[in-house]
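K.L.:
Residues per chain, in single letters:
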Amino acid sequence: MAETMQFDLVSPERRLASMQVAQVQIPGADGDLTAMPDHAPLITTLRPGVLRVSGPQGDAAYVVTGGFAEISPEGTSVLAEKAMPVAEATAADFDALIGLAVEAVAKAPVDGRDAADKLVADLQALRVEVGV
Amino acid sequence: MPNLKDLKNRIASVKSTRKITKAMQMVAAAKLRRAQDAAEASRPYAERFNAVMAGLAASVGGSDTAPRLLAGTGDDKVHLLVVMTAERGLCGGFNSNIAKLAKVHAAKLLAQGKTVKILTVGKKGRDQLKREYAKYFVGHVDLTEVKRVGYADAQGIARDVLDRFDAGEFDVATIFYSKFVNVVSQIPTAQQIIPASFEQAEADSASLLYDYEPSEEAILADLLPRGVATQIFSALLENGASEQGARMSAMDNATRNAGEMIEKLTIEYNRSRQAVITNELIEIISGAEAL
Chain B
1 MAETMQFDLV
11 SPERRLASMQ
21 VAQVQIPGAD
31 GDLTAMPDHA
41 PLITTLRPGV
51 LRVSGPQGDA
61 AYVVTGGFAE
71 ISPEGTSVLA
81 EKAMPVAEAT
91 AADFDALIGL
101 AVEAVAKAPV
111 DGRDAADKLV
121 ADLQALRVEV
131 GV
Chain X
1 MPNLKDLKNR
11 IASVKSTRKI
21 TKAMQMVAAA
31 KLRRAQDAAE
41 ASRPYAERFN
51 AVMAGLAASV
61 GGSDTAPRLL
71 AGTGDDKVHL
81 LVVMTAERGL
91 CGGFNSNIAK
101 LAKVHAAKLL
111 AQGKTVKILT
121 VGKKGRDQLK
131 REYAKYFVGH
141 VDLTEVKRVG
151 YADAQGIARD
161 VLDRFDAGEF
171 DVATIFYSKF
181 VNVVSQIPTA
191 QQIIPASFEQ
201 AEADSASLLY
211 DYEPSEEAIL
221 ADLLPRGVAT
231 QIFSALLENG
241 ASEQGARMSA
251 MDNATRNAGE
261 MIEKLTIEYN
271 RSRQAVITNE
281 LIEIISGAEA
291 L
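Protein sequence lines correspond, in order, to chains B and X.
So in my numbering, spot 1 of the first sequence is number 1, and the numbers just go up one at a time.
So in my numbering, spot 173 of the second sequence is number 173, and the numbers just go up one at a time.
These are computed hints drawn from the structure, not numbers from a lab.
Using N, Cα and C, we set each Cβ at its ideal position, and we do this for glycine too.
Certain hints may be false.
Derived pair list, reagent style BS3-like, types lysine-lysine, alpha-carbon separation capped at 27 Å [to be verified]:
#, chain 1, residue 1, chain 2, residue 2
1, B, K82, X, K147
2, X, K19, X, K147
3, X, K264, B, K82
4, X, K31, X, K19
5, X, K77, X, K135
6, X, K179, X, K15
7, X, K5, X, K19
8, X, K31, X, K8
9, X, K117, B, K107
10, X, K100, X, K31
11, X, K135, X, K147
12, B, K82, X, K103
Ranges between beta-carbon positions, derived for each pair [to be verified]:
#, chain 1, residue 1, chain 2, residue 2, range
13, X, E260, B, A87, 28 to 36 Å
14, X, V104, B, V132, 50 to 58 Å
15, B, G31, X, E47, 22 to 30 Å
16, B, G31, X, M26, 20 to 28 Å
17, B, D32, X, G72, 20 to 28 Å
Covered, in the sense of this in silico footprint (three residues per stretch, anywhere, with C-beta under 8 Å from a C-beta of chain B), are these stretches of chain X [as the list claims (entries may be wrong)]:
#, stretch
18, 36 to 49
19, 211 to 220
20, 223 to 236
Working from the sequences, and respecting the hints, build out all of it.
P.N.:
As structure tokens, this is what we get:
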């Protein structure tokens with residue numbers, strides 16, 4: 001079994017990371033999952049959360065909101081709508097995101113209300129986890 | 001013959017114009033590099049995104065439950081044209097070319113008896129379309145204050161477009177922008193974004209059988225709106241690079257023209273100066289001879 005796999009984290013504006021890693025912990029829409037080399041091919045959407053990677057080059061953690069992850073045996077690529085290293089996340093970022101999400105709740109149709117509520121809750125939980 | 005003072009002033013004014021165009025060219029060159037870097041940086045995301053979407057669309061697209069953003073409303077009566085241009089002029093034919101393409105498109109749709117709605121991004125396109133198509137305007141996005149277009153700007157436009165789509169205001173949306181080829185060539189392009197169409201990616205990514213979590217439909221429904229934003233974002237970036245490229249070559253031409261003009265004026269100035277001297281000499285000599 002391969003020891004490491006290729007990991008890419010890209011946002012629309014830039015490529016944040018591209019390296020060999022041993023494992024990636026992904027905040028999937030249906031729950032967290034960890035991808036390791038030779039994982040079965042999987043595509044999952046993301047909920048706002050913390051993405052953790054560890055590998056020979058050390059560990060790293062990123063805040064991601066929305067987007068999806070594509071996992072194949074050779075590697076994992078995460079396409080996040082907004083992504084930044086945890087250390088760079090600020091209270092203002094969260095304020096803006098939560099503000100938008102709360103607005104979306106008010107506008108959401110009845111059958112979309114749950115999803116919008118969940119987004120707000122996820123963001124608030126993420127804020128607590130990051131600790132800003 | 002214009003007098004010497006006028007010529008001198010003229011030369012000075014053309015010289016200062018040349019300085020300005022030269023400076024603008026260099027500013028555009030610097031901005032172009034940044035714009036190109038931004039476009040480059042966004043490419044991996046857009047490519048991956050399209051590859052995954054193409055795979056998903058191919059497997060879900062045919063079914064009856066396909067989301068409306070992919071399958072369309074089943075109609076194509078009302079067209080929304082999103083015309084993206086620059087906020088500033090002095091960049092050659094850049095804005096006019098996009099506006100012209102949009103006009104041709106709009107005229108064709110109107111001739112087919114369809115309804116046209118126009119959403120403009122960027123002041124210049126709005127100004128050019130105002131004469132003939134003002135009554136079709138439904139909105140305008142102002143990016144004057146934005147120094148560097150970010151994904152958030154694209155999301156703003158995408159949200160506007162999607163809200164209108166959800167409200168049933170149109171059936172088909174097309175964006176107009178300029179594709180950057182190189183400094184001297186930018187191609188005005190029309191691209192349909194709703195209903196979404198994805199170029200089929202190369203076979204190897206499609207042939208992998210993916211598991212989907214939650215489900216294919218749910219992922220597709222989640223990603224399609226993001227796809228609209230992604231496409232608008234890359235169009236904005238292409239546009240940004242094209243604008244700077246067009247401005248650079250336009251200003252290069254202007255600088256060269258100013259140089260030629262200065263040469264011509266200088267020759268004229270020297271000739272008239274010599275003529276004046278000759279005249280004065282003749283006057284003095286004939287005055288001396290008369291004595």
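K.L.:
Of all the hints given earlier, name the ones this structure violates by number, lowest first.
P.N.:
3, 6, 8, 11, 12, 13, 16, 17
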